[in-house]
Amino acid sequence: MVLPKIKNTDFIFRRYNVELEGPAIPVEETPEVKGALPKEEPYKSLALAVVKGDTDIVLSKVKDALKTIKPLDIIEKGLAKGMDAVGALYASGTYFLPNVMVAADAMMAGIAECEKALGKATEKKGKVVCHVAEGDPHDIGKNLVVMFLRAAGYDVIDLGRDVPIETVVDAVKKEKPMWLTGTALMTTTMSAFPKISEKLKSMGIDIPFGCGGGALSKEWVESFDLGFFGAKAHHAPKLADAILKGMGWKDLRVKYNEVVGEYSTGKGW
Amino acid sequence: MVLPKIKNTDFIFRRYNVELEGPAIPVEETPEVKGALPKEEPYKSLALAVVKGDTDIVLSKVKDALKTIKPLDIIEKGLAKGMDAVGALYASGTYFLPNVMVAADAMMAGIAECEKALGKATEKKGKVVCHVAEGDPHDIGKNLVVMFLRAAGYDVIDLGRDVPIETVVDAVKKEKPMWLTGTALMTTTMSAFPKISEKLKSMGIDIPFGCGGGALSKEWVESFDLGFFGAKAHHAPKLADAILKGMGWKDLRVKYNEVVGEYSTGKGW
Amino acid sequence: MVKFRYTKMAYADPDDMVFGHAIYPVFCKNWNIQFGAGYVVPEVKVAPRPGTGDSLEKLKAEHEKITRDACDRAAAIGIPFFMIEQEHVFQQTYNPKWAGEITALQAAIIEEYVSKYGMKAALRQTVGDIRVAEKPGGLRESLGSEYDRRIAETVEECCRNGASDICMETMGGKEVLDYGCMRQDIRAILFGIGYLGSIDMEYVWDRNVKICSKYSTNPGGETNCSGANTLMFVAGGLTSHDFPHTVAMMGRAMAAARTLVAYECGAVGPHKDCAYEGPIVKAVSGRPGAQEGKQAVCAHGDIMGNTIAAVCDVWSNESVEYHSEFGGTTPAVWLQATAMEAALMNTAIQTGQAKILRDLYTLTDRYRDPQGYCLSYDNAWRIGKALVEYGKDIYLRARAAALEAGKIMKEAHEKREVVLTRFELDSLERAMAELEAMTTETSRWVEKCIADYKRKVPNFKPENYGL
Amino acid sequence: MVKFRYTKMAYADPDDMVFGHAIYPVFCKNWNIQFGAGYVVPEVKVAPRPGTGDSLEKLKAEHEKITRDACDRAAAIGIPFFMIEQEHVFQQTYNPKWAGEITALQAAIIEEYVSKYGMKAALRQTVGDIRVAEKPGGLRESLGSEYDRRIAETVEECCRNGASDICMETMGGKEVLDYGCMRQDIRAILFGIGYLGSIDMEYVWDRNVKICSKYSTNPGGETNCSGANTLMFVAGGLTSHDFPHTVAMMGRAMAAARTLVAYECGAVGPHKDCAYEGPIVKAVSGRPGAQEGKQAVCAHGDIMGNTIAAVCDVWSNESVEYHSEFGGTTPAVWLQATAMEAALMNTAIQTGQAKILRDLYTLTDRYRDPQGYCLSYDNAWRIGKALVEYGKDIYLRARAAALEAGKIMKEAHEKREVVLTRFELDSLERAMAELEAMTTETSRWVEKCIADYKRKVPNFKPENYGL
Ligand code: B12
Ligand code: B12
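Chains as they are written, first to last, in this note's numbering: chain A, 33 to 301; chain B, 33 to 301; chain C, 41 to 507; chain D, 41 to 507.
Just chain A, same shape as in the assembly (with noise of 0.2 Å):
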């Protein structure tokens, strides 16, 4: 180097995570967990362990409920609640993606467990399939979007990236699902969309089509029938419960910031 010391650098940049996320407390305590949390044990300790996503502690908590308590009620009452807490604490910026996703991954594994004591699959809110378009290998919106529609209990069919427009909607077809998400980074690979739509709306399938991914934007989407633009993956679960309480892509289309509770332009980063 042949320059000095910065004398002052608030004149150049300023650090505002370093300056908004105070001091470090124990999550137990944090407001958004002390919310969401169930008040009873065993539920109590199995949600933690969720929000903490330690599978091996999951595992033999559910283990040793199992014993005593209904499958399902380890579901709603304890592994859920702790997925709640989980989504509170990412929305709030306490929590950050891969503590989600670890989380998610742990209380996944609970939730087989229960399955496998019931000797079936739980019952899944509803059916979404997902996919990235076709020549697009760009799928970690996609993945994100999964990840999130399976932690809040969703029935995900990931149909994967580099995916070709007839296996979409042959996919729609068969599987009958509530929503359709399509995720596309480039400029040349989202023109599947509208064809997709166009496919689906001469079956007489009017099923909401969210769009998300780097390249495209909410005007674009909006220019073909059944489209909505999705901004963030995270919001993903806020927008398959509305699609649950009946909002068509055409409500979504004008209050997309209302279900999600936020304002985002889903562009950049």
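These aren't lab readings, by the way, just hints derived from the structure by calculation.
Even glycine gets a Cβ: it sits at the ideal position worked out from N, Cα and C.
Some clues are possibly wrong.
Unchecked claim - Here are the simulated DSS-like pairs of lysine-lysine, each with C-alpha atoms no more than 30 Å apart in a straight line:
(1) Lys39/A with Lys450/D
(2) Lys206/A with Lys175/D
(3) Lys494/C with Lys148/B
(4) Lys39/B with Lys496/D
(5) Lys156/C with Lys148/B
(6) Lys264/A with Lys137/D
(7) Lys496/D with Lys37/B
(8) Lys157/A with Lys39/A
(9) Lys156/A with Lys450/D
(10) Lys231/A with Lys450/D
(11) Lys148/B with Lys39/B
(12) Lys148/B with Lys496/C
(13) Lys69/D with Lys39/B
(14) Lys270/B with Lys156/D
(15) Lys231/B with Lys98/C
(16) Lys137/D with Lys227/A
(17) Lys206/A with Lys496/D
(18) Lys156/C with Lys48/C
(19) Lys39/B with Lys160/D
(20) Lys84/A with Lys95/A
(21) Lys250/A with Lys395/C
(22) Lys270/A with Lys156/C
(23) Lys494/D with Lys84/A
Said to hold, decoys possible - Sample of chain D residues lacking proximity to chain A, with all beta carbon distances greater than 10 Å (derived):
(24) Ile63
(25) Ala87
(26) Val249
(27) Ser256
(28) Gly276
(29) Tyr407
(30) Met478
Dock chains B, C and D with the ligands against the given chain A, drawing on the hints supplied.
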């Protein structure tokens, strides 16, 4: 300046204009002028006076010529030929805009003199209505279009700037021009054009509507009927000639580059 | 009325001029920001999309996006201070109520971010000059101009609803300038910019300053967009063939004489970003200025985009339409662009290297084009110096500035520092000769101009200027 | 096969590194341009619009516009040299004939301008890595991958039709990296980027170098877009909550180990612009590199956009979609943006101030974020130094690079130069501890990774890597 001289500016920029624009030669000796100028007098001198943009000489030569020659011949065989040469000089980059402008002024003065002798206005090639969109004060582009068209022998109704939609539509109804042009430089004023197009269509008027100006793009202009995108003001005469020959707005959308003889996005500067 | 005329240079030595510092820094009533106080403030400006001017609701929604996206990005990359400028579209100025509501909305969003993150910020409202010379009432309220009346009301609405400062790009003299621009008529250019422009500035800014003072809103300043920018724009790039860059530069020099009038009426700066005459104005006035260049490529081509940064206090993107890019929406993208450059300048200040970076900026485009050469701060200072010699006379000072610019360009050519093309040189010499031949008796010159241009320019109405 | 492994630093002293200069400059077969030879070359990259991939005709028309608009602007503002990069869309790489025709068209347009104006130019073709691990044949032609076969053909078509150089952004290890990215699993990240990535690089680049040499086309180089950029992108801005910037930086350090493999196979540089690992790679290899930052805001947010310019040889806008702005179409606008910055750097070189400007760039974002801190050339050099100590082992060298980056960040935090958030610090410490705890016996480590990730990552197929 605390810094020293630059060793070699070739690594920073290059003045391509200086590198390209060779030594000054008198316009008379350029191939453009040699090619376009009439051989006989007084046409040759008349044309050359236009090329040089000298209104006084043009006027005196026209007055002189009118003693022996028919006004229309003076215009067609003399003044207009000079303007042809000017067009060629501009196209080849020898002439600059102000040269064209003063040449056009000179020619117009000459024509006015001839018309005085004729006792009436000369017949024009065709009628064009030009305007700048409502709320938009940017009129230089439009003024250039008007100038180029007039210099090329068209009758131009110049509605000015900040022109309400109704005024434009009424003018088209009343004047029955072969062509309508619109200029808009602001994103918020350009929306007048599709509205004008709608009104004209609803009245059964199918006229090419050439739209140009900083804010517009080819794609946008082609999103409404009648519209075709105008890239550069000096394209106007060639476009008018094409319209005169029967080209409609649909053809002009496709054959624009062919008609004007160059590639231009019409964006920037 | 002007409160004074500039007859002395604020900077005794051009070398004292440097970005981020002005002799008279400016403080804003809200959000704790200062201009010219030792740091360069990045600015972002975004135009609403087509169709959004159709209703107040649409226009508000658009401005909400613009403001929020910019603030969001400021937080995301740690921008310590910034200015959002909103250049009014026609509908906004035409409907004072719209302007007020939109200003209030933007101010509320900025307030939300400031209180969360503690950044410094400013909200500039640039009211549109919607007056049209040829319409009833022309430029003056007193002549019955409905447009002018609304402008004044809009200025007031913006002040009342939270604007940090008010700017304008007035149109006075534009009709004559346009004529001169198309015909390369240097006298028309001088009359349009230097004389009519300055008269109209006085009319508009005297009023603006009065309105602003009622609300402690800063009267910012001007730009000669309608004159010098039009010339620069028509002059275009090196390969353009529409107007000589040398004469465009002479117009630019005249523009400095005109832009100063806002300050002479009591405006405090920073003047508007598109005032490329800024370095001259700063040399004379010592007031902070906004500039645009390298990071305003979205808005227009520019062949002095580094040079013009040398002595700026606000660094702007000029203007971009609201839309999405891979990297975010345009308010985010372009605030980031200007903020990154401002950060570089602020680093130079904090490490004591400001003058080195200033000179690097300057040298980068200094020899690329005669305009950059003249607007290099040292030459800009010279033009300012020539101007203040005749500071009390709006005609003579504009003429002196133009002549000095011409002299600088000729010297550059002779020294082979900026080799001119035949067209550039011929035009320059012709313009110089014409300027030199003009009478120095102002009243005689003005009379002649009025008589001539009344005939040649249909829209020119002397009464618009109280003449 | 790699031809050698880096076990020594090309630069003995980090202070010798500066933009525009590389120890091994690169010459291009066409249009007289050089990289790293004493000047910084601006680059522009524009993506075709939606729908234009539908047919070869449409795609050609789009590329004609992109190329012509860029060349036009170069002439208009006097850009002395530039590179146009075309990143293939799926259709282009998938159809080798398309790639060939488009390359030929672009080369012809550049030729037209070069012969008119005499500028220096280059045409980079970045072939898309369209391989998909989970599809038949996976990553390898030998396993029956149709996609891989087409990639090789496309590389050849581009060489044959006039590309100055060939680049790629290969995907090897991506499936495991993605898993690691989502769960912040540092071992998966190391295995994905450092190990699998490096193996796949060798496969691809050995072939690329052979094809290129047939046509005297330069094999350029790589970027770890699929790994380190994904991490950086998901990590986002200061206010993002998706991935710790500290761990993203450790991934970036590993990426250097991987990106070097292209050179070890015979590529010559400049590597691709989005390789933010560039300063490390340059310190080790001495080869020129492309970078993007402050003028790539169109493509993505960036919190080290100045710092990353410090030692670049090519300066890029990353990528923008073709569309119009007020200032021109995007190829014109963004070439101008990068060219103006490159001109500033070249001015610094010509005036002997290159190191000052380098340090100003560096300091601007050095303390803004741990990533910028580590990629400051002096720290980047340190990471390189740690890397070459284990240069012969692709696992150990990537691990060493990551550990050194971790160490640098901890020091920064302790010195209060970059104060970390709890999340950043916790994550960093956890990752460091995990890395330190790993066995240094490569084969044992690899075995364990294979076993684990085969189970956890459905798409991970060891045979794709010859494992
Ligand atoms: C000069 C200028 C002005 C001057 C105009 C002077 C005049 N006589 O026209 C003045 C100062 C008046 C002005 C004012 C304003 N301006 Co203004 N202005 C410009 C500038 C710098 C150059 C425009 C110009 O003259 N170009 C040169 C001419 C020749 O180009 P042109 O008209 O486009 O014509 C060319 C082609 O388009 C073509 N063409 C045009 N029409 C046609 C038709 C046909 C048939 C054909 C074939 C070709 C063709 O021919 C020409 C080339 O050969 C632009 C910058 C830019 N990037 O465009 C901003 C710009 C247009 N202005 C802008 C703004 C915001 C304003 C203001 C609103 C600012 C304010 N708030 O005060 C005000 C207007 C106030 C109001 N009334 O509402 C913005 C518009 C943003 C938006 N929302 O879309 C721009 C884009 C600047 C920016 N980047 O912010 N401006
Ligand atoms: C990482 C990356 C890659 C990685 C992808 C790894 C992976 N596993 O996905 C790799 C290296 C593989 C890659 C490759 C390429 N890439 Co890439 N890549 C990127 C980058 C840097 C980040 C993308 C990313 O992961 N973002 C993070 C995720 C989380 O965002 P996301 O998917 O958009 O999802 C978010 C939202 O959109 C939303 N969302 C998404 N879907 C949905 C759906 C619903 C319902 C909802 C509610 C929300 C939602 O949720 C997420 C946020 O919470 C971008 C840059 C950019 N600006 O986007 C370029 C980018 C997308 N890539 C680009 C290019 C060109 C390529 C290549 C073609 C380059 C080449 N020639 O080699 C290749 C592809 C080759 C091929 N097969 O054709 C260009 C695309 C340009 C264009 N034409 O449009 C970009 C824009 C970069 C640029 N500026 O040039 N790339």
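Over 10 Å from every CB of chain A: does Val249/D meet that, or does the non-interface label fail?
The claim stands: Val249/D keeps its Cβ more than 10 Å from every Cβ of chain A (closest is about 24 Å).
With a cut-off of 30 Å on the C-alpha distance, tell me whether Lys137/D and Lys227/A pass.
At roughly 26 Å apart (the allowed maximum being 30 Å), Lys227/A and Lys137/D satisfy the hint.
For the pair we were handed, Lys250/A and Lys395/C, check the Cα-Cα distance against 30 Å.
violated, 46 Å
Within 30 Å, alpha carbon to alpha carbon, are Lys156/C and Lys48/C?
With a Cα-Cα distance of about 45 Å, the restraint between Lys156/C and Lys48/C is violated, given a limit of 30 Å.
Verify the proposed pairing of Lys69/D with Lys39/B, using a straight-line Cα cut of 30 Å.
holds, 27 Å
Please work out if Lys231/B and Lys98/C have their alpha carbons no farther apart than 30 Å.
holds, 23 Å
Between Lys494/D and Lys84/A, does the CA-CA distance stay at or below 30 Å?
At roughly 25 Å apart (the allowed maximum being 30 Å), Lys84/A and Lys494/D satisfy the hint.
Holds or violated: Lys496/D to Lys37/B, with C-alpha atoms at most 30 Å apart:
violated, 63 Å
Compare the distance between the alpha carbons of Lys39/B and Lys160/D with 30 Å, and conclude whether the hinted pair is satisfied.
Holds - the C-alpha atoms of Lys160/D and Lys39/B are around 19 Å apart, at most 30 Å.
Beyond 10 Å from every chain A Cβ: check whether that's true for Tyr407/D.
violated, 6 Å
Given the hint that Lys157/A pairs with Lys39/A, does the C-alpha gap stay at or below 30 Å?
violated, 57 Å
Interface-negative label, Gly276/D against chain A, beta-carbon threshold 10 Å:
violated, 4 Å
Hint compliance for this structure: hints 4, 5, 6, 7, 8, 9, 10, 11, 18, 21, 25, 28 and 29 are not met, and every other hint is.
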